[in-house]
Amino acid sequence: MKQKQHGFWDDVKKYRSLLLMLTPAVLFFLLFAYLPMSGIVLAFKQFDYTGGVFGSPWNGLDNFKFFIDSGDAWRVTRNTALYNIAFIVVNNVLQIFAAILLFEVAGKWFRKLTQTVLFLPYFISWVVVGAIAYNLFNFDVGTVNVLLKGLGMQPIDIYNTAAYWPFILVVVSAWKTLGYGTIMYLAAITSIDTEMYEAAEIDGANIFQRIMKITVPNLMPTVIILVLLAIGNIFRGDFGMFYNMVGNNGLLFSSTDVIDTFVFRSLTTSNEIGMSAAAGFYQSLLGFATIMLANYAVRRYDKDRALF
Amino acid sequence: MSSTTANIQSPEVRRKSAGRDKMVLSIIGYVTLTVLAIFCIFPFILVISSSLSEESAIIEKGFQIFPTAFSTEAYSLLFKYPAEMLRAYGVTISVTAIGTIVGLFLTSMTAYVLSRRDFKWRSRFSFFFFFTTLFSGGLVPWYLMIINYLHLKDTLLVLILPMMMNVFYIIVMKSFMSSIPDAITESAKIDGAGDFRIFMQLIVPLSKPALATIGLFIALAYWNDWYNALLFISKSELMPLQYYLYKMLGNMDGMRKAMMASGAVVNTDLPTESLKMAMTIVATGPILLAYPFIQKYFVTGLTIGAVKG
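Quick note, the sequences are listed as chains H and Y, same order. This note's numbering applies: residue 122 is where the first sequence begins, and numbers increase by one. This note's numbering applies: residue 445 is where the second sequence begins, and numbers increase by one.
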């Protein structure tokens, strides 16, 4: 009987201080995440400034048609996915490799120093990375061309040649995230039970066998989770990276334009608000689908590790 | 197979071969790690030495790893007329300080409520926050919301508010706080302490490692932010440091004007290239100086949050 009288407002009263403590965060996410979701209607509208988001006339799927007919949709989707796949593979392999070496080989002093140096690029802004790229790749005074000229070779016009950029961007991504990922994996290795190593040593396993049979298999849960989470973000491009490295250089778009740079450009440069919103909506849908798939995969692999 | 062969070896042979394997791995390890370390630090050395090179040497021979003609002209120019730069510094420092303090407070308070096992609507609110990482309106509605409905364009607030809270930080903090025994909250409640008081006087002091890590993450994000400025700031006096650097890198005419606005008599032979690199160093400086000290917090914090949480 008592249970029945215990209504919603009693709970509100009971938790009032906790609810009050949640209020700022709830307001924050309402304003910056939930209310903008209603702006998705823009993807189906012909935006004009006098009408605003809700007063502009509907135009059905025209924005999407425009986006697809422009030929950009396929290009930016392909680029975004391929870059992320390359980042996932290269970065994780390198990070695991570095973590194992740091754990197995390095003395305390060397480990500390290396860890510090590897983590350094993670701390600087993409603007600074852009400046570094300029220093390396500039046609006239860039270090790469200085070296090439020193070797008696022709300088390369990197900023105007699309073909080099996939390679450059993969290397830069590896460079910037190496330390961060290495520490994640190093932490996972450190938590492996040392008894397993001792047992293996008594059985006469050499150090390579120990790595392949104990360290790598024990790392797999961490690897799988991190990779699946990354797969969930496969349609999100790192805007800061692409924009600062490449900028608005149309010559490079074939190999560097990702959904995020495309949406940004349609919004700010060409002022195609409707199409930009449509492309953003398309990206959100793709992202939602991949996150759901990735989460489903994690659930099947290990229920406790799933996001939800 | 390998274990059977190992078993018939005498202990001495085994120890010897183990020693050799360790040697081989050590050599591979030290060489690889050294190469990777050089790979990570090389670009920084390049920028530093370029900033310390004479402009004519750069024009003639390009950016070099070791400056052939040493010069501090770029830095003396920067520090001679520092008004614009200092203003950008001021914007970044205030945004970082306010954003980090308020953001960290709100993040930990939210995380605390979500970590309370006796809070009935805990999982509903968790999902309310978490859903925003699954689906979003995209850039355009978010942009229009901030410009047309919140009217935040060209305000200091636009640099602070959008980055103040982040679901990932709330989750990391929540999992840390969940590891604090419930008995502590329970006994405080029996003693008559309110929820907010429990949070401030018990949970916050116990969460120092997580607070340090998340605080550093938030501070780093604010310090390195240029994106919100790119979208929402057109007034030069509100430009944060990274955006100012971005502008200057792309536009040396702008830099000339900025220097003149600061009172410089600038002739046409401004050392453009070395100046760009000197500005990069000055904008990165505090991070590079603070880095060795904060690095160890990142390591412990990440370990707590990501692997064990």
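These are computed hints drawn from the structure, not numbers from a lab. Warning: the hint list may mix true and false statements.
No more than 25 Å apart at the CA atoms, straight line, and that leaves these computed lysine-lysine pairs for DSS-like [unchecked claim]:
#  : chain 1 : residue 1 : chain 2 : residue 2
1  : Y       : 679       : H       : 233
2  : Y       : 466       : H       : 334
3  : H       : 229       : Y       : 740
4  : Y       : 564       : H       : 134
5  : Y       : 740       : H       : 297
6  : Y       : 524       : Y       : 679
7  : H       : 233       : H       : 135
8  : Y       : 652       : Y       : 524
9  : Y       : 524       : H       : 135
10 : Y       : 597       : Y       : 466
11 : H       : 233       : Y       : 740
12 : Y       : 524       : Y       : 740
13 : Y       : 652       : Y       : 679
14 : H       : 229       : Y       : 679
15 : Y       : 679       : H       : 297
16 : Y       : 524       : H       : 424
17 : H       : 135       : H       : 229
18 : Y       : 633       : Y       : 564
19 : H       : 135       : Y       : 633
20 : Y       : 633       : H       : 134
21 : H       : 233       : Y       : 524
22 : H       : 270       : Y       : 466
23 : Y       : 679       : Y       : 691
So the derived label-pair ranges between C-beta atoms look like this [as the list claims (entries may be wrong)]:
#  : chain 1 : residue 1 : chain 2 : residue 2 : range
24 : H       : 228       : Y       : 486       : 50 to 58 Å
25 : H       : 270       : Y       : 524       : 29 to 37 Å
26 : Y       : 534       : H       : 232       : 56 to 64 Å
27 : Y       : 513       : H       : 173       : 54 to 62 Å
28 : Y       : 513       : H       : 186       : 52 to 60 Å
29 : H       : 218       : Y       : 486       : 57 to 65 Å
30 : H       : 330       : Y       : 513       : 53 to 61 Å
31 : H       : 268       : Y       : 467       : 52 to 60 Å
32 : H       : 183       : Y       : 476       : 31 to 39 Å
Ideal placement from N, C-alpha and C gives every residue a C-beta, glycine not left out.
Hints versus structure:
no. : hint                        : result
1   : 679(Y) / 233(H)             : 43 Å, violated
2   : 466(Y) / 334(H)             : 16 Å, holds
3   : 229(H) / 740(Y)             : 14 Å, holds
4   : 564(Y) / 134(H)             : 12 Å, holds
5   : 740(Y) / 297(H)             : 18 Å, holds
6   : 524(Y) / 679(Y)             : 23 Å, holds
7   : 233(H) / 135(H)             : 50 Å, violated
8   : 652(Y) / 524(Y)             : 42 Å, violated
9   : 524(Y) / 135(H)             : 62 Å, violated
10  : 597(Y) / 466(Y)             : 60 Å, violated
11  : 233(H) / 740(Y)             : 10 Å, holds
12  : 524(Y) / 740(Y)             : 36 Å, violated
13  : 652(Y) / 679(Y)             : 38 Å, violated
14  : 229(H) / 679(Y)             : 50 Å, violated
15  : 679(Y) / 297(H)             : 31 Å, violated
16  : 524(Y) / 424(H)             : 61 Å, violated
17  : 135(H) / 229(H)             : 53 Å, violated
18  : 633(Y) / 564(Y)             : 17 Å, holds
19  : 135(H) / 633(Y)             : 13 Å, holds
20  : 633(Y) / 134(H)             : 16 Å, holds
21  : 233(H) / 524(Y)             : 38 Å, violated
22  : 270(H) / 466(Y)             : 42 Å, violated
23  : 679(Y) / 691(Y)             : 12 Å, holds
24  : 228(H) / 486(Y): 50 to 58 Å : 23 Å, violated
25  : 270(H) / 524(Y): 29 to 37 Å : 34 Å, holds
26  : 534(Y) / 232(H): 56 to 64 Å : 39 Å, violated
27  : 513(Y) / 173(H): 54 to 62 Å : 58 Å, holds
28  : 513(Y) / 186(H): 52 to 60 Å : 59 Å, holds
29  : 218(H) / 486(Y): 57 to 65 Å : 19 Å, violated
30  : 330(H) / 513(Y): 53 to 61 Å : 55 Å, holds
31  : 268(H) / 467(Y): 52 to 60 Å : 35 Å, violated
32  : 183(H) / 476(Y): 31 to 39 Å : 55 Å, violated
Hints 1, 7, 8, 9, 10, 12, 13, 14, 15, 16, 17, 21, 22, 24, 26, 29, 31, 32 from the earlier list are contradicted by this structure; the remaining hints agree with it.
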